[in-house]
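Trainee: Sequence:
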Amino acid sequence: MQLEEFLNDYFKEIKEVGDFHFNYLISHKFKFPKTNYIELKRFIDTAVNFLKNIDKKILEGLAGKLYGDINVLYDFYKNFEKKSQYVELVFYNEYLENMEKYKSLKEEYESLKKSIEKYTATISISEEKLKSMPSTDPGYKKLKKMYVDAIHELSKKRDRFQEVKEELANIEKKEELQFFPKFNKYKEMYLKKLEKVINVKLFYFEKLLWYNASKSRPIVKFFDEAGIEGDFSTKTFIRYFLRNIDMSKSRNSDWLNYLQKILKVVE
-18 MQLEEFLNDY
-8 FKEIKEVGDF
2 HFNYLISHKF
12 KFPKTNYIEL
22 KRFIDTAVNF
32 LKNIDKKILE
42 GLAGKLYGDI
52 NVLYDFYKNF
62 EKKSQYVELV
72 FYNEYLENME
82 KYKSLKEEYE
92 SLKKSIEKYT
102 ATISISEEKL
112 KSMPSTDPGY
122 KKLKKMYVDA
132 IHELSKKRDR
142 FQEVKEELAN
152 IEKKEELQFF
162 PKFNKYKEMY
172 LKKLEKVINV
182 KLFYFEKLLW
192 YNASKSRPIV
202 KFFDEAGIEG
212 DFSTKTFIRY
222 FLRNIDMSKS
232 RNSDWLNYLQ
242 KILKVVE
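108 is the number that my numbering gives to position 127 of the sequence shown; each next residue is one higher, with no gaps.
Hints were generated in silico from the structure; no laboratory data involved.
Where is the CB? At the ideal position from N, CA and C, for every residue including glycine.
One or more hints might be untrue.
[To be verified] Label pairs and their in silico Cβ distance ranges:
no., residue 1, residue 2, range
1, Phe57, Glu81, 23 to 33 Å
2, Ile226, Leu158, 47 to 57 Å
3, Gln241, Tyr90, 52 to 62 Å
[Said to hold, decoys possible] Think about it this way: if two alpha-carbon atoms lie no more than 20 Å apart in a straight line, the pair counts; the simulated EDC-like pairs of lysine to aspartate or glutamate are:
no., residue 1, residue 2
4, Lys33, Glu176
5, Lys202, Asp212
6, Lys87, Glu147
7, Lys182, Glu41
8, Lys(-7), Glu176
9, Lys177, Glu69
10, Lys166, Glu176
11, Lys154, Glu210
12, Lys155, Glu(-14)
13, Lys174, Glu20
14, Lys196, Glu210
15, Lys154, Glu62
16, Lys163, Glu(-15)
17, Lys94, Glu78
18, Lys196, Asp212
19, Lys188, Glu20
20, Lys138, Glu98
21, Lys84, Glu20
22, Lys173, Glu62
23, Lys216, Asp205
With the hints as constraints, model all of the structure from the sequences given.
Mentor: Given below as structure tokens:
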């Protein structure tokens, strides 16, 4: 399998998914925000769960459909990111293993390795038997011949084993020079396109979520009773969470750092 063929096949699904959604956003003139809403996703998920406990209707209709779409895309994005994280594993286990010449040499390499182990064991056993067997023994000549033949075969196998080992190393060295730069280029390109798609959808969902919240009587009541000041927005809700975080629990230090970080993103 040629490199371009492998890369096209490996990135086929993420390319198709990214292109479909990206082209839809472009053709329908959606706005591409500068704010990194993917960084806000953890908090948006928290806000959704919190608001749903107050008013289950918050995700009815378009909001629920859009949120579901975002989560499917985000899971796909994270799974692909994880799958392609270790490029060396992809190179050795998927790319090289699909190259006929490399695959054939690898099979020969393993076969030679087993043969060398077998002949080494045969020679060792024969040596021990020859030491304890008189040269006048009827079976001595036969065993001696088998011993000499085994040494000769072992020598040939070792020579070929070394040749195959060098051929494999040469293929790996040659292929990795072109594989790693191209793979990383494709990976970055397709992940970034999908990031843009998810970011746009999160941008519109966040606006829709807070619009729905502002029209919800139970949520408006909660805001009033909790003394939450400000508009219905992610920024306002982050400040509410910061005000009420329980720092006596050690696990909340990570949450606090995250909230402080994303507050700067929305300000």
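Trainee: Hint by hint, which ones does this structure get wrong, listed from lowest number up?
Mentor: 4, 9, 11, 15, 21
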